[in-house]
Amino acid sequence: MNWNFIKTNWFYLALGLLLVLYTIRKFPSLNPFDATNKNAQPEKVTEGKGARKGGAALLGFVPETPKERPPEMDDVDASKAEAFLKRFANVALSEHKKFGTPASVILACAYVNSQAGQRETATAANNFFALPCSQGWEGETVQMGGKCVRKYESAWASFRDFSIYLSSQEWFGSLKKSAGKDGRKWAEKLGSEGVANAKVMQKVMEAYRLHELDEQ
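Numbering (this note's numbering), first residue to last: 7 to 222.
Since no wrong hints were added, every one of them can be taken at face value.
Quick list of simulated restraints, FRET-style, between CB atoms: (1) Thr-147 with Gly-22: 53 to 61 Å; (2) Lys-191 with Glu-144: 28 to 36 Å; (3) Ala-163 with Leu-23: 44 to 52 Å; (4) Gly-197 with Phe-105: 17 to 25 Å.
In silico DSSO-like links for lysine-lysine, alpha-carbon gap of 30 Å or less: (5) Lys-104 with Lys-183; (6) Lys-209 with Lys-103; (7) Lys-195 with Lys-183; (8) Lys-103 with Lys-92; (9) Lys-86 with Lys-195; (10) Lys-187 with Lys-209; (11) Lys-187 with Lys-92; (12) Lys-195 with Lys-103; (13) Lys-209 with Lys-86; (14) Lys-209 with Lys-157; (15) Lys-187 with Lys-103; (16) Lys-157 with Lys-104; (17) Lys-157 with Lys-195; (18) Lys-195 with Lys-205; (19) Lys-183 with Lys-209; (20) Lys-195 with Lys-209; (21) Lys-205 with Lys-191; (22) Lys-104 with Lys-92; (23) Lys-205 with Lys-86; (24) Lys-182 with Lys-195; (25) Lys-153 with Lys-86; (26) Lys-209 with Lys-191; (27) Lys-92 with Lys-182; (28) Lys-191 with Lys-157; (29) Lys-205 with Lys-187; (30) Lys-86 with Lys-187; (31) Lys-103 with Lys-191; (32) Lys-104 with Lys-209; (33) Lys-92 with Lys-183; (34) Lys-153 with Lys-195; (35) Lys-182 with Lys-205; (36) Lys-183 with Lys-205; (37) Lys-157 with Lys-92; (38) Lys-209 with Lys-92; (39) Lys-157 with Lys-86; (40) Lys-205 with Lys-92.
Since the hints were derived computationally from the structure, they do not count as laboratory data.
For every residue, glycine included, the Cβ atom is placed at its ideal position computed from N, Cα and C.
Construct all of the structure, not just a fragment, from the sequences and the given hints.
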């Protein structure tokens, strides 16, 4: 080894080493010792998909077709109704775990207030709960039927905002404690607060056995 060369050029050698280390940190793919699987794909989470199967589990949830559909549900095609419930079952379960509102209640409320995703508020504004504009609302808005309603960039954003809206109400804490997973009690309270039609919510939950979601 030529020590004289090293002593004379130590500064440039050190600078070169630092440059190599910086390049490896900046571009990990250039690191010959990196054993990371470069072909791995990022995980994707989509509506209606999950990791478990069976019963009303995320992936396997299939709403049971009611033998007799209540008259209040005649305005929604049966196949579209089932597709809607299956599509958002995973989202409702996720919101339940984070905020405490039963998944059956969230799903039934979305069904009723958006007519299973067919109302204009849902199709044009991704507003599945027909939440109106409010003084503190800073998001997008749109006029529909002479009323100002909230507009979202995605269906998921609508479900999350609904959870935030409910949990911010003064009565939410006491309702969650007293009602627990009793969908009927939740529906009655939401009905009395003008959030959704309690009677139709209850019929949707019963007809499609949405209570099975709350058993997860």
